[in-house]
Amino acid sequence: AFVVGAAARGIRMSTVSDFQSITGRGVMGLVDGRRLVVGNAAFLGWLNVRMPDSRAARAEELRAEGSTVMFLAVNVFSGFAVQRFGSAAVPPLLVLGFVSILIAAIGMPRLGRRRRLSDAGVLPSASQSLRRPAVLMFLLATGLIQGSHGYLYSFGSIYWKDSGISAQAVGFLWAVPVFAEIVLFRFYRRLFGAVRPELVLLIAGGLSVVRWSLFPVIGPAGLGFPGFLAVQLLHGFTFGATYLAQQAYL
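To convert, note that position 33 of the sequence shown is 33 in the working numbering; the numbers rise steadily by one, no gaps.
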């Protein structure tokens with residue numbers, strides 16, 4: 001239909017490269033040096049593209065009338081390198097970013113007093129401790145709890161936008177866990193100073209199960225932003241308490 005309509009209007013067809021089709025959502029590709037996306041609102045949300053409120057409202061009106069609404073977005077991936085080389089430029093750019101962070105970290109000035117090096121005799125005992133089943137189980141548990149956050153970091157914004165959360169609210173949902181973590185760090189000794197690290201880890205693991213179990217049912221239950229906000233506040237325990245319990249244990 002698009003091709004027939006363009007031909008009828010005498011529109012010149014350009015060559016498309018790096019073409020990708022996502023079934024039920026839309027298509028994307030590189031046209032005349034610009035990355036174009038054509039698809040439905042869910043597809044743009046999946047790509048983390050924010051739509052003006054006026055356009056979104058008009059699209060809802062057209063959908064209510066029974067029309068199929070498609071959107072066109074130009075240069076979704078900003079930056080000359082991505083526009084020039086396509087999605088293949090993303091991995092090198094990420095590596096460059098990590099290397100830059102590493103160089104900056106090495107070059108940062110030391111804060112506070114220089115730490116005293118551990119005695120050489122500590123190393124053999126540390127090696128023996130790492131062979132103990134209890135220590136290995138503790139480290140495995142902390143790794144699983146911390147690793148469970150990976151899906152949130154990778155797909156959180158996409159999932160929230162698909163659930164109808166605005167871009168501003170999504171940004172707030174990312175800021176809330178940092179605040180919760182800082183508060184937990186500030187009051188950790190007062191809350192858990194007399195508690196064994198194993199018990200703290202058990203609490204953090206239990207709250208992680210609660211957090212990830214509630215996450216996929218908040219949208220269908222109609223709880224929306226307040227529901228997501230509540231589970232994001234648990235981050236102070238699921239991540240922060242896990243980290244501090246590991247430090248205390250070791």
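Hints listed in this document are in silico derivations from the structure and should not be mistaken for laboratory results.
Worth double-checking, as some hints may not be accurate.
[As the list claims (entries may be wrong)] Here are the in silico distance ranges between beta carbons for each label pair: (1) SER166 to GLN146: 25 to 31 Å; (2) LEU139 to LEU102: 21 to 27 Å; (3) LEU229 to SER100: 54 to 60 Å; (4) ARG190 to LEU139: 25 to 31 Å.
Everything numeric in this text was worked out from a predicted model, so none of it was measured.
Beta carbons: idealized from backbone N, C-alpha and C, even for Gly.
Item checked: Consistency of beta-carbon spacing, GLN146 to SER166, with hint 25 to 31 Å -> About 29 Å separates the Cβ atoms of SER166 and GLN146, which means 25 to 31 Å holds.
Note to self: Verify the CB-CB distance for LEU139 and LEU102 against the hinted window 21 to 27 Å.
What the structure shows: 24 Å, holds
Next item on the list: Just tell me: holds or violated, for the beta carbon distance of ARG190 and LEU139 against 25 to 31 Å?
Entry: 26 Å, holds
Check: Does 54 to 60 Å hold as the CB distance between LEU229 and SER100, or does it fail?
Finding: 33 Å, violated
Violation of the numbered hints given earlier is confined to hint 3; every other hint is satisfied by the structure.
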